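**Q** Here is what each chain is made of, one letter per residue.
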Amino acid sequence: MKESLRQSMASLHTWTGLLLGWLLFMMFVSGTAAYFQEEITQWMQPEAAGQASPEQATQAAVAWLEKEAPDASTWFITPPGKRSATTQVFWVPAERKPGMRRGDTSAVLDSSGKLTDIRDTRGGFFLYRLHFDLHYLPVIWARYLVGVAAMFMLIAILSGIITHKKIFIDFFLLRFGKGQRSWLDSHNVSAVLALPFHLMITYTGLVTLATLYMPFGIAANYANPDKFFEAVFPDREAMERSGQPAPLASIDPMMRAASADWGGKAVGFIRIVNPGDRNASVTLTRAPSEAIGSRGETLAFDGATGKRLGASSPKGGATATESVMIGLHSGRFANMALRWLYFLSGLFGTAMVGTGLILWTAKRRQRLPDPARPYLGFRIVERLNIAVISGFPAGIASYFLANRLLPLTMASRAEWEVHTLFLTWGAVLLWAVLRPARRGWVEGLAIAALMYAAVPVVNAATTARGLIPSIARGDWLFITFDLTMLVLAALFAFAALRVLRHVPKAAGSRRASGSAAVMA
Amino acid sequence: MAGHTDTKRIGNAWGIAARVLAAVPLNYALTTAITACLARFLPMDPAQASTASTLASFAVFACLALICFSVRSVPRLWGGIVAAILAFGGLAWVSIIAGGRL
Amino acid sequence: MIHFPILIWVITGFAALCASRDRHQRDLFGRPLTQRQSHALRIAAWISIALSFLLAIVGVGWVLGVIIWIGYLSVGALVSVTMLNRATARRQKRK
Chain W
0 MKESLRQSMA SLHTWTGLLL GWLLFMMFVS GTAAYFQEEI TQWMQPEAAG QASPEQATQA
60 AVAWLEKEAP DASTWFITPP GKRSATTQVF WVPAERKPGM RRGDTSAVLD SSGKLTDIRD
120 TRGGFFLYRL HFDLHYLPVI WARYLVGVAA MFMLIAILSG IITHKKIFID FFLLRFGKGQ
180 RSWLDSHNVS AVLALPFHLM ITYTGLVTLA TLYMPFGIAA NYANPDKFFE AVFPDREAME
240 RSGQPAPLAS IDPMMRAASA DWGGKAVGFI RIVNPGDRNA SVTLTRAPSE AIGSRGETLA
300 FDGATGKRLG ASSPKGGATA TESVMIGLHS GRFANMALRW LYFLSGLFGT AMVGTGLILW
360 TAKRRQRLPD PARPYLGFRI VERLNIAVIS GFPAGIASYF LANRLLPLTM ASRAEWEVHT
420 LFLTWGAVLL WAVLRPARRG WVEGLAIAAL MYAAVPVVNA ATTARGLIPS IARGDWLFIT
480 FDLTMLVLAA LFAFAALRVL RHVPKAAGSR RASGSAAVMA
Chain U
0 MAGHTDTKRI GNAWGIAARV LAAVPLNYAL TTAITACLAR FLPMDPAQAS TASTLASFAV
60 FACLALICFS VRSVPRLWGG IVAAILAFGG LAWVSIIAGG RL
Chain B
0 MIHFPILIWV ITGFAALCAS RDRHQRDLFG RPLTQRQSHA LRIAAWISIA LSFLLAIVGV
60 GWVLGVIIWI GYLSVGALVS VTMLNRATAR RQKRK
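Order-wise, the sequence lines are chains W, U and B.
By numbering that gives the first Met the number 0, the letter at position 257 of the first sequence is numbered 256, and the numbering carries on one by one without gaps.
By numbering that gives the first Met the number 0, the letter at position 101 of the second sequence is numbered 100, and the numbering carries on one by one without gaps.
By numbering that gives the first Met the number 0, the letter at position 64 of the third sequence is numbered 63, and the numbering carries on one by one without gaps.
Worth flagging that the hints you see were computed from the coordinates, not collected in a lab.
Keep in mind that this is a model prediction, so the values were computed, not measured.
You may find that some hints are simply not true.
The calculated lysine to aspartate or glutamate pairs, modelled on EDC-like cross-linking and capped at a C-alpha distance of 20 angstroms, are [said to hold, decoys possible]:
{"hint": "1", "chain 1": "B", "residue 1": "K92", "chain 2": "B", "residue 2": "D26"}
{"hint": "2", "chain 1": "W", "residue 1": "K113", "chain 2": "W", "residue 2": "E67"}
{"hint": "3", "chain 1": "W", "residue 1": "K306", "chain 2": "W", "residue 2": "D260"}
{"hint": "4", "chain 1": "W", "residue 1": "K81", "chain 2": "W", "residue 2": "D103"}
{"hint": "5", "chain 1": "W", "residue 1": "K314", "chain 2": "U", "residue 2": "D44"}
{"hint": "6", "chain 1": "W", "residue 1": "K306", "chain 2": "W", "residue 2": "E239"}
{"hint": "7", "chain 1": "W", "residue 1": "K165", "chain 2": "B", "residue 2": "D21"}
{"hint": "8", "chain 1": "W", "residue 1": "K96", "chain 2": "W", "residue 2": "E67"}
{"hint": "9", "chain 1": "W", "residue 1": "K226", "chain 2": "U", "residue 2": "D44"}
The calculated label-pair distances, taken between Cβ atoms and stated as ranges, are [stated by the list, open to error]:
{"hint": "10", "chain 1": "B", "residue 1": "V78", "chain 2": "U", "residue 2": "W13", "range": "48 to 54 angstroms"}
{"hint": "11", "chain 1": "U", "residue 1": "W92", "chain 2": "W", "residue 2": "S241", "range": "42 to 48 angstroms"}
{"hint": "12", "chain 1": "W", "residue 1": "L4", "chain 2": "B", "residue 2": "R30", "range": "34 to 40 angstroms"}
All C-beta atoms, glycine included, are put in the ideal place defined by N, C-alpha and C.
Between the sequences and the hints, there should be enough to build the whole structure, so can you do that?
**A** Written out as structure tokens, the structure is:
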């Protein structure tokens, strides 16, 4: 009976892992990159450099907004922080005109409150949004889809644990062997050793969009969901514009007071309602990078007089738990060392999914009645593996390349950087379909290697912040980014070589274990 | 792929289809019913109870899905799930009718 | 810099746990150890892991401490599995 349970769990593990495996691979790659989204954004905006304090930058941003959007109903300001050099502003106009796009009501300012001359790009932020909003899809469909994928992943993890109980009892049995078992070993190593992380990241991932997937916990107690949100996130009642103009009080002292209240923690977010009116109010929220709970404390001020109105923080054990879970997933609280650990764990997760997908074909290749003509399902999996595992990373490299190569004054430049990612990926997919499988692997991995290697070269050729000048200047961010590109290029090249050199065994050929080194 | 399916426990295509139906839509209905009950009956502030039950719902769904593929008899599985949906769903419904919502 | 002692104790713990198992003693030491030695190693292993946990919560704090401790467990597991693989490979070469 036990044997049978193991087998059904093994089947379940295979199916839940395979069906959305490629989407999960994408989610892991983009999510892992997103841990450094701010650094990636800085690399993709080499013109940006700011020294002013967040308070000065915010005050300058307010001055800019007073000129550009004096009648807006609300202004949102994200001051520069430890990891970002620019101020992001966004406003809600008094009247929403049809055809108004996101770009019309948002701007990126430098620390002196001027529109930056920096290139139009979505930076690392795009990779973060790609992780759960995907692209070319209505956002809500994307979020449902990634939610389903995350639940499949959770079930795959749990069924994997049940199937391989023995590995947990003595995980010292794990072997980095060469040859036949190496795909299974890579999958086991990347899955088992970082299992606490994988479980945590999957469950907390579902929690980040919890009320989208399970709205009935709220519906059971509240006829109107708004009442629930008011109860959990108490907010001052929004007042209407009085029509009497009053200059906005100085923001600088408000920010300092808030930081002082919060024991030195930085302000992450400022919301100004009815600016320039007597009924203006300013609400500051604690930066998510300053504590593990993602939902920060807030402090509100009267906008015209600068008087303190009140403070609030999300209350309650369950809300605090949710806040910590979301904080754990996004890792915004992490310092540099922990952030690298998150990144490494994400790479392990990516390896787990990738090796799992490859393992599926590796296992079944032996059982093919005619290895030269596999059945359709096998061919689809094999081609998708090549296309996604080498194509998506190659696409990201091309996103960085496009950032350097697209003309600065081009229209919709940021969108075209994104299109480049998908065009490259599509090209690799096409290539993977047309080539014989083994060649497809070698070439796909080689393409990825070449593209990553090209990034520091193109960076040096098109900006003043190439690797050598950055080393001279001690610019750690640019140095690390370029070096990481080179390391990734080396890993993909190594994998391509391994596949090229691997001679398949006569009795049951096995895909080479090259990529094992890439992933693990 | 055809030869790979485990036939001992999961069974043939109909069996698999029945289990998938149990593990996805029926499971979601049952998880919803359980979540609603937890939200109504957990001894805490209603906003906190709603939050806590929502947080727990994913674990409930995942475990139920595993059960759907490990129970031997499909008719028993369905019977059990439907009965549970009626029980928990009924409980939540009665509680809402009696106590109202905020 | 409490992190170094935490990590060291985790690695020590896993190494001791690994060495306490008959299966792995041959690879590590060339011969199986006595019952008492295995038992002692097992106790040492659990004490090391417990110590690392205490260092984590005292040195870092409750929530964050538990989280990094769990992270270090993964690191410790990886290090000890790698060590064991090396020992096994070395032994097989010698054969």
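**Q** It remains to establish, for every hint, whether it holds in the given structure.
**A** The hints, checked one at a time:
{"no.": "1", "hint": "B:K92 / B:D26", "verdict": "holds, 12 angstroms"}
{"no.": "2", "hint": "W:K113 / W:E67", "verdict": "holds, 11 angstroms"}
{"no.": "3", "hint": "W:K306 / W:D260", "verdict": "holds, 15 angstroms"}
{"no.": "4", "hint": "W:K81 / W:D103", "verdict": "violated, 27 angstroms"}
{"no.": "5", "hint": "W:K314 / U:D44", "verdict": "holds, 11 angstroms"}
{"no.": "6", "hint": "W:K306 / W:E239", "verdict": "holds, 19 angstroms"}
{"no.": "7", "hint": "W:K165 / B:D21", "verdict": "holds, 16 angstroms"}
{"no.": "8", "hint": "W:K96 / W:E67", "verdict": "holds, 16 angstroms"}
{"no.": "9", "hint": "W:K226 / U:D44", "verdict": "holds, 13 angstroms"}
{"no.": "10", "hint": "B:V78 / U:W13: 48 to 54 angstroms", "verdict": "holds, 49 angstroms"}
{"no.": "11", "hint": "U:W92 / W:S241: 42 to 48 angstroms", "verdict": "holds, 47 angstroms"}
{"no.": "12", "hint": "W:L4 / B:R30: 34 to 40 angstroms", "verdict": "holds, 38 angstroms"}
Checked against the numbered hints above, the structure violates only hint 4.
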